[in-house]
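Undergrad: Next come the chains, spelled out residue by residue.
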Amino acid sequence: EAQVTQNPRYLITVTGKKLTVTCSQNMNHEYMSWYRQDPGLGLRQIYYSMNVEVTDKGDVPEGYKVSRKEKRNFPLILESPSPNQTSLYFCASSPRWGVHEQYFGPGTRLTVT
Amino acid sequence: GIQVEQSPPDLILQEGANSTLRCNFSDSVNNLQWFHQNPWGQLINLFYIPSGTKQNGRLSATTVATERYSLLYISSSQTTDSGVYFCAVEETSGSRLTFGEGTQLTVNP
Numbered sequence: 001e002a003q004v005t006q007n008p009r010y011l012i013t014v015t016g017k018k019l020t021v022t023c024s025q026n027m028n029h030e031y032m033s034w035y036r037q038d039p040g041l042g043l044r045q046i047y048y049s050m051n052v053e054v055t056d057k058g059d060v061p062e063g064y065k066v067s068r069k070e071k072r073n074f075p076l077i078l079e080s081p082s083p084n085q086t087s088l089y090f091c092a093s094s095p096r097w098g099v100h101e102q103y104f105g106p107g108t109r110l111t112v113t
Numbered sequence: 001g002i003q004v005e006q007s008p009p010d011l012i013l014q015e016g017a018n019s020t021l022r023c024n025f026s027d028s029v030n031n032l033q034w035f036h037q038n039p040w041g042q043l044i045n046l047f048y049i050p051s052g053t054k055q056n057g058r059l060s061a062t063t064v065a066t067e068r069y070s071l072l073y074i075s076s077s078q079t080t081d082s083g084v085y086f087c088a089v090e091e092t093s094g095s096r097l098t099f100g101e102g103t104q105l106t107v108n109p
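Line by line, the protein sequences give chains E and W. All residue numbers for the first sequence refer to my numbering, where the first residue is 1 and numbers rise by one. All residue numbers for the second sequence refer to my numbering, where the first residue is 1 and numbers rise by one.
Note that these hints are calculated values from the structure, not bench results. Fair warning: this is a prediction, and the values are worked out from it, not measured in the lab. For glycine and all other residues, C-beta sits at the position ideal for the given N, C-alpha and C. Any given hint could be a false lead.
Computed list of chain E residues with no C-beta within reach of chain W, every gap over 12 Å [stated by the list, open to error]:
#1 V14
#2 S24
#3 N28
#4 Q45
#5 G63
#6 K71
#7 E79
#8 E101
Distance windows between CB atoms, simulated [unchecked claim]:
#9 G57/W with I77/E: 22 to 32 Å
#10 Q14/W with E79/E: 30 to 40 Å
#11 P95/E with G41/W: 19 to 29 Å
#12 S67/E with A17/W: 47 to 57 Å
#13 K65/E with G1/W: 34 to 44 Å
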């Protein structure tokens with residue numbers, strides 16, 4: 001089944017403890033992206049990747065890192081999480097950037113205390 | 001950047017009623033998608049519709065790109081249709097989807 005998967009789906013952690021949210025797609029898509037969703041602020045892009053080894057900042061990249069060492073995976077890294085990173089995170093992918101439908105993962109609900 | 005406005009912000013229906021949700025956008029777009037966010041937070045793809053009309057069961061969508069709007073029609077609504085409906089667009093010069101603020105739909109039995 002063609003899909004975007006994220007792990008973990010739910011995570012409660014403490015300030016400063018490094019964590020990684022994984023994202024994987026099995027559709028051979030070139031483009032991948034991370035969004036966060038917050039009440040009153042909607043969905044905002046964190047980082048995106050046009051292809052392997054090509055990543056760029058979105059609208060709200062502060063406090064996050066990403067890597068794209070292989071086509072199928074695009075992990076989101078929080079080196080030192082803070083409470084303002086409590087949010088619902090979505091990973092998305094599409095065959096190529098531009099004029100293609102984007103497919104979203106199921107979301108990761110992160111709470112930082 | 002591009003602006004995306006959805007209306008109405010909230011909509012309450014009785015089961016079986018029909019509804020129309022609207023999405024206006026401020027610039028030319030390469031991509032327009034409609035999503036349903038269910039009560040568990042998952043974003044479900046409804047339509048990829050940068051132009052034209054599509055139908056999928058009780059749902060249909062129309063995008064008039066030249067006039068910069070899209071409509072989502074829900075017929076014979078069911079309680080499982082409840083949730084937030086988002087319109088998202090990709091502007092021709094951008095690198096991301098820009099989401100509207102959504103329409104919160106509640107369908108009562």
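Undergrad: Now tell me, hint by hint, if it's right for this structure.
TA: Cross-check of the supplied hints:
no., hint, verdict
1, V14, "holds, 23 Å"
2, S24, "holds, 17 Å"
3, N28, "holds, 18 Å"
4, Q45, "violated, 4 Å"
5, G63, "holds, 18 Å"
6, K71, "holds, 18 Å"
7, E79, "holds, 23 Å"
8, E101, "violated, 4 Å"
9, G57/W with I77/E: 22 to 32 Å, "violated, 40 Å"
10, Q14/W with E79/E: 30 to 40 Å, "violated, 50 Å"
11, P95/E with G41/W: 19 to 29 Å, "holds, 25 Å"
12, S67/E with A17/W: 47 to 57 Å, "holds, 48 Å"
13, K65/E with G1/W: 34 to 44 Å, "violated, 24 Å"
Comparing the model with each earlier hint shows violations of hints 4, 8, 9, 10 and 13; every other hint is respected.
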